[in-house]
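Engineer: Which chain is which? The protein sequence lines are A and B, in order. The opening position of the first sequence corresponds to residue 1 in my numbering, with each subsequent residue numbered one higher. The opening position of the second sequence corresponds to residue 1 in my numbering, with each subsequent residue numbered one higher.
For the record, the hints were derived by calculation from the structure and aren't laboratory data. It is possible that part of the hints are untrue.
[What the hints assert, rightly or not] Restricting the straight-line Cα-Cα distance to at most 30 Å, the calculated cross-link-like pairs of lysine-lysine (BS3-like) are:
{"id": "1", "chain 1": "A", "residue 1": "Lys2", "chain 2": "B", "residue 2": "Lys2"}
{"id": "2", "chain 1": "A", "residue 1": "Lys13", "chain 2": "B", "residue 2": "Lys2"}
{"id": "3", "chain 1": "A", "residue 1": "Lys132", "chain 2": "B", "residue 2": "Lys95"}
{"id": "4", "chain 1": "A", "residue 1": "Lys2", "chain 2": "A", "residue 2": "Lys13"}
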Amino acid sequence: MKFLCVPCDTPMKLQTVAPPERGSLSIVYSCPECGYEMAMLTNAYETQVVQSLGVRIGPAEASAETSKSGCPFAGMIPGEDGRPRASEPGPVRWTAAAEARLANIPEFVRPMAKTGIERFARENGAIEVDEKILDQAREFFGM
Amino acid sequence: MKRYHDIVGDGGSRVLEQVVEQRARITDGLAGVRHLVAIGSGKGGVGKSTLTFHLASALRARGLRIAILDADFNGPSQARMGGIQDAVFVPGSTKVALPRTTNGIGMFSMGSLIPESEALAFESAARGESHTWRATREFALLGEILASFDWGTLDLLIFDLPPGAERTVQYADYLEPRTSFLLVTIPSEVARGVVARSVAALSKGPHRILGYVENMSGYYCHDCGAIKPLFTSPDGSRLEIPCLGSVPFDPELARQCDVGAPLPELPETPVGRAFAHIAQQLLDRLESTAEPSR
Chain A
1 MKFLCVPCDT PMKLQTVAPP ERGSLSIVYS CPECGYEMAM LTNAYETQVV
51 QSLGVRIGPA EASAETSKSG CPFAGMIPGE DGRPRASEPG PVRWTAAAEA
101 RLANIPEFVR PMAKTGIERF ARENGAIEVD EKILDQAREF FGM
Chain B
1 MKRYHDIVGD GGSRVLEQVV EQRARITDGL AGVRHLVAIG SGKGGVGKST
51 LTFHLASALR ARGLRIAILD ADFNGPSQAR MGGIQDAVFV PGSTKVALPR
101 TTNGIGMFSM GSLIPESEAL AFESAARGES HTWRATREFA LLGEILASFD
151 WGTLDLLIFD LPPGAERTVQ YADYLEPRTS FLLVTIPSEV ARGVVARSVA
201 ALSKGPHRIL GYVENMSGYY CHDCGAIKPL FTSPDGSRLE IPCLGSVPFD
251 PELARQCDVG APLPELPETP VGRAFAHIAQ QLLDRLESTA EPSR
């Protein structure tokens, strides 16, 4: 979808995307020529259809505000929110490098990956997940 | 006044740009895959998933590098059959390492992420209207999986498609044109009629149809070694595309699927030999044109 300022015959630019409110997004466009502003207010169905494409609306910094988790698949896996299970011992630390690798993978896999790797680390007597542990896990599981 | 196509870009929403970027990531991720084969039917309950798994095992037993993507997100079964329901997902430097079965098949299945007691659910702003967006969401998920997992170098990546003639065509539309299709039917007029519709629909697109496999082509009795009929329709599964082979139902292979114990080698039974034959036929078909898999 594109917006045109008819008096100026100039494409309008996206300015802000407000966080969703009851399924509605408020997206403000402005004309770079005359400064005229207009807002596109989506209904829940329109919001959902766009989100179903697996995309976020607007530039990266704005899109972070449109979703509380920033994940297009948030809430997809019931009960897997990444928090340690009650029966598991205390948290395992992650080094910055290992965490960066975790951040590279899709959020719908991340909670399972985190839980599994931490379990592997504990079973191997480690209290910290670093890149070496990740490589060991990869080798151990024949990947 | 300017028209839509006079305007470059979309003013900053980046919706189309992100879709294009994801398609590029998918193409890059599959660059090392020689053949993409989608196994579908249109008809449910004909044994697509078990046939996919045993065919993949037969190809793997030949030393080929094989992976399965279980594209049936709502009814995933490959994780159970492959024994990877408790798979650990290990992040690599940029992508996720692909879990492997004990017989060395790379495998992604939602069954590794969601317990069988739970259904696949998506967060939604539009409650109660999932028919308007659900399919789009599932294809976005497929794209995310294709782009995010490390498929590496493979001889074949096999897609286990969900049931539904319309779904088969939607997957054809989504997957790269070089994806070939193998259809599964059973010796029944009812199944044949539905699969014939899938053939007709797929034939309108650019994808190659390799042929079909007749599954449940009799019942293999382990006691007497005979293959006994399951269906009475003699020509029930005949379709106007090449038949790559027939597979009798084998309760022992079905049991192995239930317990998730992949076999390193195919059994020396009529059923094992049937899978070996189909594997050979499939490879022959894939290599038979100057334009493999298109």
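Engineer: Please work out if A/Lys132 and B/Lys95 have their alpha carbons no farther apart than 30 Å.
Structural biologist: OK: A/Lys132 and B/Lys95 at ~16 Å, within 30 Å.
Engineer: Keeping to a limit of 30 Å between CA atoms, is the pair of A/Lys13 and B/Lys2 held or broken?
Structural biologist: Holds, at about 15 Å.
Engineer: Going straight from one Cα to the other, do A/Lys2 and B/Lys2 come out at no more than 30 Å?
Structural biologist: holds, 11 Å
Engineer: Is it true that the CA of A/Lys2 sits at most 30 Å from the CA of A/Lys13?
Structural biologist: Holds, at about 9 Å.
Violation of the numbered hints given earlier is absent; every hint is satisfied by the structure.
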